[in-house]
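Residues 1 to 250 (the working numbering) make up the sequence shown, in order.
In short, the hints are calculated from the structure, not lab data.
These numbers come from a predicted model, not from an experiment.
A few of these clues could be false.
[As the list claims (entries may be wrong)] With beta-carbon atoms standing in for the labels, derived distance ranges:
| id | residue 1 | residue 2 | range |
| --- | --- | --- | --- |
| 1 | M74 | Q100 | 33 to 41 Å |
| 2 | H64 | A148 | 30 to 38 Å |
| 3 | L69 | E43 | 16 to 24 Å |
| 4 | D218 | A238 | 34 to 42 Å |
| 5 | N241 | D87 | 16 to 24 Å |
| 6 | A50 | M74 | 18 to 26 Å |
| 7 | R249 | I125 | 42 to 50 Å |
| 8 | F173 | D87 | 34 to 42 Å |
| 9 | D103 | D218 | 31 to 39 Å |
| 10 | P234 | D152 | 37 to 45 Å |
| 11 | M74 | P101 | 15 to 23 Å |
[As the list claims (entries may be wrong)] Here are the computed lysine-lysine pairs in the DSS-like style, where the Cα-Cα straight-line distance is at most 30 Å:
| id | residue 1 | residue 2 |
| --- | --- | --- |
| 12 | K209 | K40 |
| 13 | K160 | K40 |
| 14 | K81 | K160 |
Glycine residues also receive a C-beta, built at the ideal position from the N, C-alpha and C atoms.
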Amino acid sequence: LGLSGGIDSALVAAIAASHRQDSPMSFRIAPSLLSANFAKLGEEVANVIASGADWIHFDVMDNHYVPNLTFGPMVCQALRKHAVKADGTPVPIDVHLMVQPVDALAQAFAEAGADWISFHPDASIHVDRTLQLIRAAGCKAGLVFNPAAPVDLLEWVLDKVDLVLLMSVNPGFGGQGFIDSALRKAERVRRLIDASGRDIRLEVDGGIKVDNIRRVADAGADTFVAGSAVFGQPDYRAVINAMRAELARG
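Throw the hints in and build the complete structure from the sequences for me.
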């Protein structure tokens, strides 16, 4: 191979390594259906998975905890059959509950086929109990922290957490700009996760784009929610590939 071919091959290998599920810091790209075409959600899920999405991020808003109203468990259940790869492998549905109260809807989404269920601790009266409830239902459990929310309570429930989701925008609407303080918070949570020795994913949601995803990864995130950055473009595969190329730069 010539120089150009060698560089291209190395980049392809690096992207593949970033995508492998067994790599020490494997990255996940989770397009958010909040920015998809609601008139054809099943088709949108299938298309974005065919374009390389790792997870499907499912934003649940109740017009109470946040000022917007989106999807319920029946929509999740209807989309479950579409969230598969070409070979039939299921693609995880990552449910982010922006609701209050939490427990009943968490159980309903578990029954509807969700794989990961995350909630905001200030929306639950008993955070530890809610985490246990989600896990008992067979799902992975996550906690979500708004931009101005402290993460101190993680110390007391880290043994029951499978995912920490940091909001880099204020929840409620898609298409907002990235809040830079989320990077410092991600660094802090990454140190906490690493010190625990536990297999906990660190996800960031809000304003993630090709031009900042590497900075977010450098701060310690391994899972990236992207809404308008993906669904707002005509070629989903091109955007996801560009994100992977940024992540592979190291």
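Structure-based check of each hint:
no., hint, verdict
1, M74 / Q100: 33 to 41 Å, "violated (20 Å)"
2, H64 / A148: 30 to 38 Å, "violated (19 Å)"
3, L69 / E43: 16 to 24 Å, "holds (22 Å)"
4, D218 / A238: 34 to 42 Å, "violated (23 Å)"
5, N241 / D87: 16 to 24 Å, "holds (20 Å)"
6, A50 / M74: 18 to 26 Å, "holds (24 Å)"
7, R249 / I125: 42 to 50 Å, "holds (44 Å)"
8, F173 / D87: 34 to 42 Å, "holds (36 Å)"
9, D103 / D218: 31 to 39 Å, "holds (36 Å)"
10, P234 / D152: 37 to 45 Å, "holds (43 Å)"
11, M74 / P101: 15 to 23 Å, "holds (19 Å)"
12, K209 / K40, "holds (24 Å)"
13, K160 / K40, "violated (36 Å)"
14, K81 / K160, "holds (29 Å)"
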